[in-house]
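Student: For reference, the chains in residue letters:
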Amino acid sequence: MSAIRFENVTKEFSNMARSAVDHCTLAVDKGQFVVLLGPSGCGKTTLLKMVNRLYEPSSGTIYLDGVDIRQLNVNKLRRQIGYVIQQTGLFPHMTVAQNIATVPNLLRWPKQQTGQRVDELLALVDLPPAEYRTRYPAQLSGGQQQRVGVARALAGNPEFILMDEPFGAVDAITRTSLQDEMITLQKKLRKTILFVTHDVDEALRLADRIVIMRNGKIVQYDTPLNILNHPADAFVKELMGGGDIVRQLGLIRVEVAMQKLPADFHVDGQPTINCEQDLRHALSILLQPGATALLVLDQQTPVGLLTLDDLRTAARAQSTAALAA
Amino acid sequence: MDYLVRNPDTVLRLTGEHLYMAVVALLIALLIALPLSMLLLRSKPLATFVLGILGVLYTIPSIALLILLLPFFGLNRNSVIAALVIYAQIILVRNMVAGLQGVPTAMLDAAKGMGMTAWQRWWQVQFPLALPVILAGVRLATVVAIGIATIGAKFGAGGLGTLLFDGIAQNRYDKIVVGSVVVALLALILNRLLLAMEHYFEPASRIKRAVRPVRSVAAAEAPTAV
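Just so you know, the protein sequences line up as chains U and Z, in that order. Just so you know, we're using the numbering used here here: the first sequence kicks off at 644 and counts up by one. Just so you know, we're using the numbering used here here: the second sequence kicks off at 2 and counts up by one.
One should not assume that every hint holds.
Interface residues of chain U toward chain Z, partial, derived using beta-carbon atoms under 10 Å [what the hints assert, rightly or not]:
hint, residue
1, Asn695
2, Asn718
3, Val727
4, Pro735
5, Ile816
The following residues of chain U were derived to be distant from chain Z, with all beta-carbon distances above 10 Å [unchecked claim]:
hint, residue
6, Ser645
7, Arg648
8, Leu720
9, Tyr779
10, Thr817
11, Ser820
12, Asp844
13, Leu904
14, Phe908
15, Gly912
These aren't lab readings, by the way, just hints derived from the structure by calculation. On a predicted model such as this, the values are computed, not experimentally measured, just so you know. Ideal placement from N, C-alpha and C gives every residue a C-beta, glycine not left out.
If we strip away everything but chain U, and leave its shape as in the complex, we get (with noise of 0.2 Å):
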């Protein structure tokens, strides 16, 4: 069974010639990481915002685990969601240690629980805690106000996580070394993430399957490397950059395009890459003498093997699907 199902769901805004969700079907599993990804006005947020109903559909129906959302009390629903916005969603006038506490208040854990979660996630974040603890947002750093965001949404436990560009108002170097605590707290928790973006990097990066939307038509739903070597039409194709091959390397985790360990397979000195380590990362190495193979490493264990002819095989991928198109 789905975590979130999307079943016909269309939402109209009276101010609004088209639609601005039209007709949307959609099946997220648990623990995916789920980008949504298209144009602005394409109705991504649309979509992100009426599962934790500050939208309610025009028509269909949104469950979560099987359950059709409209039954459940709309503040419990919301409780039970993470949700992160751009850096203006925390309070100012609440300490980071108050903010990441407003989920666990309103479900009135003991103050010694709240605490205690809230110092976790601190840590978990990368903020010392009692440095940060009394801290004000406006204190804080761009980036460090995204963690708190980050932080505040995992505080009640929730399974699912809305986060709506949430880094988009950092900078590019915040943003990549952001994303980078994302997939490795991602690798920890296995939550299930909708993710809104219009940055195609981004969501190449951080996405297990990437929804692409235009005009509130959910146009293609496949996992990153499927999309680059198989995009549905022009539109996609153009979205996700083209021909550049070896940019697109860039954007592929080595994790995605590995062989398997073989039985009989002995560490004997290779070369090695992390296994979150980009493709283009990969080929740089595999281009230097010697390296016939990369030992790829999950936390210091070997996972698989990546070889030149991997490689080749996904730009190849890359390429038909360019000529196709």
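Assemble chain Z onto chain U, guided by the hints.
Tutor: This is chain Z only, laid out in the frame that chain U set:
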């Protein structure tokens, strides 16, 4: 100032009456302005209309307004209080609407999205964030009320205006001086008090008050398990 030294009781009593009028009027005005502002936030045309009317009322000279109110409230301090309530409305409502509108929609969206009820959003987010601007309105309205309450003496309401009008009638400059100085002091003191309150509730000053705790080793090594 001899007058003050010789008649501290009278001055104190008149100051008390003066304050009573201003404070009661402000409390009533606040009770009306708060729900009114929340109503006006929901509809822009209604807000323009009501703020327009309140603005016109504000331009009516105080003596004229008081005379208009006499048939309804009688020749006593109730008329004065009613006039003060009317004058305070435009100031209070305008500031409340501005303060509440100044709370970013994104922040209210976040509050809503996390499952705060309408009441919780109001008390925990909207109101505290709008408070400095609302208090600025209260401060202005207070100063205006202290000033206008002075003419209450002409309408049998007492207050520090009594000293001024008596002084004019009896050609007693000492009374006039004491009356004006005390009214001015009253306005200044209340202004300062409310200004201090305003600053207290501004996020920037919360930050200054926040004490930087000493970093403790135990807390820095808090468990990372979730």
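Student: Give a verdict on every hint.
Tutor: Hints and how they fare:
Proximity of U:Asn695 to chain Z holds as hinted, the smallest CB-CB distance being about 5 Å (cut-off 10 Å). The closest approach between the C-beta of U:Asn718 and any C-beta of chain Z is roughly 4 Å, which is under the 10 Å cut-off, so the hint is satisfied. About 9 Å separates the beta-carbon of U:Val727 from the nearest beta-carbon of chain Z, less than 10 Å, and the hint is met. At a threshold of 10 Å, the smallest CB-CB gap from U:Pro735 to chain Z is about 5 Å, leaving the interface hint in force.
The beta carbon of U:Ile816 comes no nearer than 24 Å to any beta carbon in chain Z, farther than 10 Å, and the hint placing it at the interface is violated. With a minimum CB-CB distance of about 22 Å to chain Z, U:Ser645 clears the 10 Å threshold, and the non-interface call stands. Listed as a non-interface residue, U:Arg648 keeps its Cβ farther than 10 Å from every Cβ of chain Z; the least gap is roughly 20 Å. Against the 10 Å criterion, U:Leu720 falls within the reach of chain Z, whose nearest CB is about 7 Å from its own CB.
The Cβ of U:Tyr779 sits about 5 Å from the closest Cβ of chain Z, inside the 10 Å cut-off, so the non-interface label is violated. Separation of U:Thr817 from chain Z is adequate, the least Cβ-Cβ distance of about 20 Å exceeding the 10 Å criterion. The Cβ of U:Ser820 sits about 18 Å from the closest Cβ of chain Z, beyond the 10 Å cut-off, so the non-interface label holds. The Cβ of U:Asp844 sits about 24 Å from the closest Cβ of chain Z, beyond the 10 Å cut-off, so the non-interface label holds.
The beta carbon of U:Leu904 is kept farther than 10 Å from every beta carbon of chain Z, the shortest such distance being approximately 29 Å. The Cβ of U:Phe908 sits about 33 Å from the closest Cβ of chain Z, beyond the 10 Å cut-off, so the non-interface label holds. For U:Gly912, the shortest C-beta to C-beta distance to chain Z comes to about 33 Å, beyond the 10 Å cut-off, and the non-interface label holds.
Hints 5, 8 and 9, counting from the list given before, are not met by this structure.
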